[in-house]
Amino acid sequence: MIARIHLRLLAAIPIALAVSALVFFLVEASPGDPSLLLLDPNASPHANDAQRAILGLDRPVAERFGIWMRNTLTLDFGRSFVDQVPVRDKIAAALPSTLLLSSVSLAIAFGLGLAAALASASRPRSALDHVLSAIALVLQSTPIFWLAWMAIAWLAVGWGWFPTGGTVSLTSTLEPGLHLLDRLHHLALPALVLGVAFAGEVSRFARGALVDTLEEDFVRASRARGASRRRALLRHAFPASLHSTISLLGLSIPYLVGGAVLVEEIFDWPGMGRLLVGAMVAKDYPVVAAGVVALATLAVVGNLLADLLAARLDPRVGVP
Amino acid sequence: MKIDARGIVGFSILGAFVAAGALAPWIAPYDPTVPHDRVADALRPPGSPGFLFGTDLYARDLLSRLLHGARISLAVATASVALSATIGVAVGAAAGEAGGALDAVAMRITDVFLSIPRLVLLLAASAFVGRSPAVLVAFLGATGWMGAARLVRSEVRVLREREFVLAARGLGLSRAQVLLRHVLPNALPAAVVSATLGLGGALLSEATLSFLGFGVAEPLASWGAMIADGAKMIGTAWWVATLPAIAIALCVTAANLAGDALREGLPR
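Protein chains in written order, with the working numbering: chain B, 1 to 320; chain G, 1 to 268.
For the record, the hints were derived by calculation from the structure and aren't laboratory data. Ideal placement from N, C-alpha and C gives every residue a C-beta, glycine not left out. One or more of the hints may lead you astray.
Some chain B residues flagged as far from chain G (calculated, every beta-carbon gap over 12 Å) [to be verified]:
#1 Val23
#2 Pro41
#3 Met150
#4 Gly258
#5 Leu276
Computed from the model, here is a short list of chain B residues facing chain G with C-beta under 7 Å [as the list claims (entries may be wrong)]:
#6 Ser126
#7 Leu128
#8 Ala134
#9 Ile135
#10 Phe145
#11 Trp146
#12 Trp149
#13 Leu155
#14 Ala156
#15 Ala282
#16 Val301
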């Protein structure tokens, strides 16, 4: 099983390379000269030529493309224009925060979304079902950044339940237990916002899958054998519907990653999103380019993992 | 084609917003970009005399800004959706008609685009290529064509085997004639469905970019930028950010309802 996971995840490499190529062409299409950004505005044109040579910008496009792709494969994205730190180190520092935020949000979205879907599917077309479906539809249509600011205004500032942003309080003690609690407290609100925003998506998929599964013969058969409605729903239909919910959700992983970028920016969460947006403001192009490749790869890997999980949960597939 | 009640609601809301946006210069009570003279008129709540929807921090009339925002947001979203539908029809028709290796390659490319977070690509485009509405439309279009391509491809695959198409081919029409005159017109409803469904995504993406400051620039009022204006004072002046958020949510919900209704109304 582990070997198979590794094999499937190799499929992410060509996609990451394709994204990397795309980014290269976007950079090529950009009108300015990135080298000038690094330079004192009063420097002579010769100084800029020298700098272009150092950056490798004086070589032909085809050669630079080859170098860029090779560097992508070895995860070497050069150094930041702003502070000369290797871009790889910046990304390695930011990636865990994004993974933590996204996975906790995904768990929250799953919990809320599946609960809503079960409530909906237990009585399809009831008033409760209609209300829950409407909430899911509106959640999918509401800008997540407005949700985030409302959460900050009411839950953090108004009622003081949560900190407004960051990862840790200034007054945090170094005592391990309290420190961990403090960090979780900071994680809670961004994860809740992203999770609630994504729960609409989960509940729409899960409701559809559940309602379809409830029509299937094996669920009817369990009812015929005397299983209660509740048991047929929870023990028979629900586990059998999970795989199609998850494979549909795999397609939405890119939206989750995009949402994480926004939520990080608003809550000052030190992940890939804040790194990317900050680098864009500072015109730190190596960081922007590498950040885009990294986030796209993250989404692709998440998508593949969802596919693998869905295949494993599909009751029609034998144990691998 | 039959459209259910949800579809009628969706199309009515969209139509109302499109009309409001189109007529904005004539029906907006004030200039959306010019602050009102009196400082005392800043941050008036909705329902204040003279300002139906209130004013923002610079005493600009929110109703006027919302109307002009509808103009920009809907124009950008509609243009980008038209572009992505065109790309999607071209890719889907080529892949479905050619089959074989070309089909496989085109569908893998579609998969690649589907697995990239759209917001991230749009941010990259904004960073490297520029921030004009034209660039925005081009990149929203270039990141939104995959649904149309998949739908049109599968329609073309099915239509190619239908009897009227076989008959047209039997009558000696060229491949291009059969595709353009007989297959594609019947695949177009699928493209219209995915364009309508794509409208919501385009609106949200544009709003997100403008919110982050990488989309339509001030002093033009785009709904996303308006939310950014009001975000930090949402606890004291909720209306500045919330009214544009409601406008976005209404439009996106309407587009989704309309698209769902069209999809279910597609002739099978």
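Evaluated hints:
no.: 1; hint: Val23; in the structure: violated (6 Å)
no.: 2; hint: Pro41; in the structure: holds (21 Å)
no.: 3; hint: Met150; in the structure: violated (6 Å)
no.: 4; hint: Gly258; in the structure: violated (4 Å)
no.: 5; hint: Leu276; in the structure: violated (6 Å)
no.: 6; hint: Ser126; in the structure: violated (18 Å)
no.: 7; hint: Leu128; in the structure: violated (19 Å)
no.: 8; hint: Ala134; in the structure: violated (9 Å)
no.: 9; hint: Ile135; in the structure: violated (11 Å)
no.: 10; hint: Phe145; in the structure: holds (5 Å)
no.: 11; hint: Trp146; in the structure: holds (4 Å)
no.: 12; hint: Trp149; in the structure: holds (4 Å)
no.: 13; hint: Leu155; in the structure: violated (11 Å)
no.: 14; hint: Ala156; in the structure: violated (9 Å)
no.: 15; hint: Ala282; in the structure: violated (10 Å)
no.: 16; hint: Val301; in the structure: violated (10 Å)
Hint violations for this structure: numbers 1, 3, 4, 5, 6, 7, 8, 9, 13, 14, 15, 16, all remaining hints satisfied.
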